[in-house]
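I would like the entire structure built from these sequences, with the hints used as guidance.
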Amino acid sequence: MTSTIPSTQAPDKDEVARVFKEMLRIRRFEELASRAYTQGKISGFLHLYIGQEAIAVATADLMKDGDRVVTTYRDHGFAISLGCDPGACMAELFGKKDGLVGGVGGSMHFFDKDKGLWGGYAIVGGHLPVAAGHAFASKYLKDDAVTLCFLGEGAMHIGATHEGMHLAGLWKLPVVFVIENNQYAMGTPLKRQTLVDDLTVRAPAYRMTSDRWEVNDIFETRRRLAEAVERARKDHQPALIELLTYRFRGHSMSDPAKYRTKDEVEGWRKKDPLYRAEQRLRDDHGFDDEAIESIDDAVVDEMQAAVDFADASPQPDPEHRFRHHLVEDV
Amino acid sequence: MPILQIREALREAIDEEMERDDRVFVMGEEVGYYNGAYKVTQGLLEKYGEQRVVDTPIAEAGFAGVGVGAAMAGLRPIIEFMTFNFSAVAFDQILNNAAKLRHLSGGQFTIPMVFRGPNAAAHMLSSTHSQAFESFYCGFPGVKVVSVATPYDAKGLLKSAIRDDNPIIFFESEVMYGVKGEVPEGEYLIPIGQADIKRPGSQVTVITWGQGVPITLEAAKMAEESGIDCEVIDLLTLRPLDRDAILQSVKKTNRAVLAYHGWPYGGTGAEVADLIAREAFYDLDAPVERVCYEDINFSYAENLEELAIPSPKQIFDAIAKVAYHSL
Ligand SMILES: Cc1ncc(C[n+]2csc(CCOP(=O)(O)OP(=O)(O)O)c2C)c(N)n1
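Protein chains in written order, with this note's numbering: chain V, 86 to 415; chain Z, 85 to 411.
Please keep in mind that the hints were generated in silico from the structure rather than gathered at the bench. Hints may be right or wrong, so weigh each one.
Claimed, not checked - Cβ-Cβ distance ranges computed for the label pairs, FRET-style:
#1 Z/Y272 x V/K347: 44 to 54 Å
#2 V/W256 x Z/G350: 29 to 39 Å
#3 V/I377 x Z/K397: 48 to 58 Å
#4 V/K347 x Z/E130: 19 to 29 Å
Yeah, the Cβ is synthetic: ideal placement off N, Cα and C, and Gly gets one too.
Structural data, given as structure tokens:
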């Protein structure tokens, strides 16, 4: 989480290669998780972030020490980008002892406080007031930290979301709400969820600033997110941001995603920020197949090692189930 | 007799009642175009259209409350919660509106509606998605609470629930939608408020409901092999309780075990144990035993989850214990 100061200057070759690799780390992690799911090594619900990786990588880049991410059950991307150990993440998916939270949470409930991952929340909208609460504490403690709260567009229609946003606006809390509009809430396209096209129209009602763009270019995303984050930090000005993005997989592993056309998916594939970063390396920086593959090979090795680690990790100790319900349960 | 899955039996109940009464409609997340998260409402949108099979945004408090308001104004809503875990968000609408408005209005309003969906732990979903809500919804007056575990009961009771003029909480199970069983052709209703003896017996009464039913029947089989004859009672309605069925059986067997998917503190298990202690104390040959969830939040890890959920073996052990059967 060492802050790469976002600049308006064109990123150099190393920087493009770095973000490409970071996005690829998430994608390869999840592809292996998807395979492990079909092999029966992962159970429950597994929601993949494939297609949205640029958001998590841009976010990790702009965060300063003490800043926090609060997100949904679609949380693997943030864990990887924030520097959580992929082995621990995979072991969590496998329900193993060495998992990120010792195997108690699974895919939907990742937490790594020290890394700034203050939670994957599995009840839609429930985390927005909590994020506002983190920001309330920041203002109270004057710790200069900003909370970045991510939600799906589907979460824009539930009560807790509005109460959280309203309080953030009313009390001028240092929080940035980021809607990852991946076009569908489970099988429901946005147009059947709401009659507004632009979800940031709600921002003025809560006295929040807003911004909205399509996530094609990770550098643009980082720069514009950073602007909102720094305003939240300096002026205690909360913001509502809508990011137009796409999930290439079903809602979770059990969803065949029959509600959309091949053409639609292909259209978004051309805009996939990971693909675009690769094109940029090839077109602007002279990367050939071999150079791309050598990055990919290293990433695949890293993530395969995570799978091996998870495989080798034992199940949690049976007594572990009695821990942490109350502080007294050590 | 036709063999149906529980999801199909529920669908038949909804379909028949929608056909019979055009005030009946279904509302919830993904009930229409997606055909239901667990395919209970499959095909209903096509048959009845968007006015009567209503997809909602993710807004449980909103659509539960819309259901209450529509019921007060003369409609008969079936509100589907994708799972009852998400009903927590709508709890106020059920507790303060659905359950209270008839009383508050001095009987001016009826609230004929059903809140239905899967309850209790499924498989490896961790704590937020593995909750048994019977102790919440049985914990206040003004609602009836039903829990089904077979296709036959599912259809007959859901039809009764839809026709009942009160708010009904109707528990299904995510892991049991595929369970198959005989469902007679043609119309039948199962009255709310009546327990069902799933297995007659003479020596130990085992009281259960919902996901507890199949594991209790398995335990009863194990007991039979050890020479203990169990009577298994499926409560079916958790509120109001079928006190007579419970007491009659316990007075016959003199021993009782409660086996269920739910937390031990408070709730239906505690209520039934209390009933037996007060009304059948002098008939008991052994203290009442309870086998249920451990009093902990659920973990994702398979081994931890398995340990927290009652097993047929644990139920069998409790049966043997009240029968003073040496193992
Ligand atoms: C209160 C609540 N209702 C329903 C659900 C079930 N559910 C989980 S994710 C989801 C769709 C969410 O869509 P969106 O907010 O757009 O986020 P995405 O999954 O697309 O990232 C639903 C209905 C839930 N977890 N919580």
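Worksheet item: Is the gap between the beta carbons of V/I377 and Z/K397 within 48 to 58 Å?
Response: Holds, since V/I377 and Z/K397 (Cβ atoms, about 55 Å apart) stay within the stated range.
Worksheet item: CB of V/K347 to CB of Z/E130, is that within 19 to 29 Å?
Response: 23 Å, holds
Fill in: Assessment of proposed distance window 29 to 39 Å (beta carbons of V/W256, Z/G350)
37 Å, holds
Item to complete: Check the following: the C-beta atoms of Z/Y272 and V/K347 are separated by a distance inside 44 to 54 Å.
Response: 46 Å, holds
Comparing the model with each numbered hint stated earlier shows that all of them hold.
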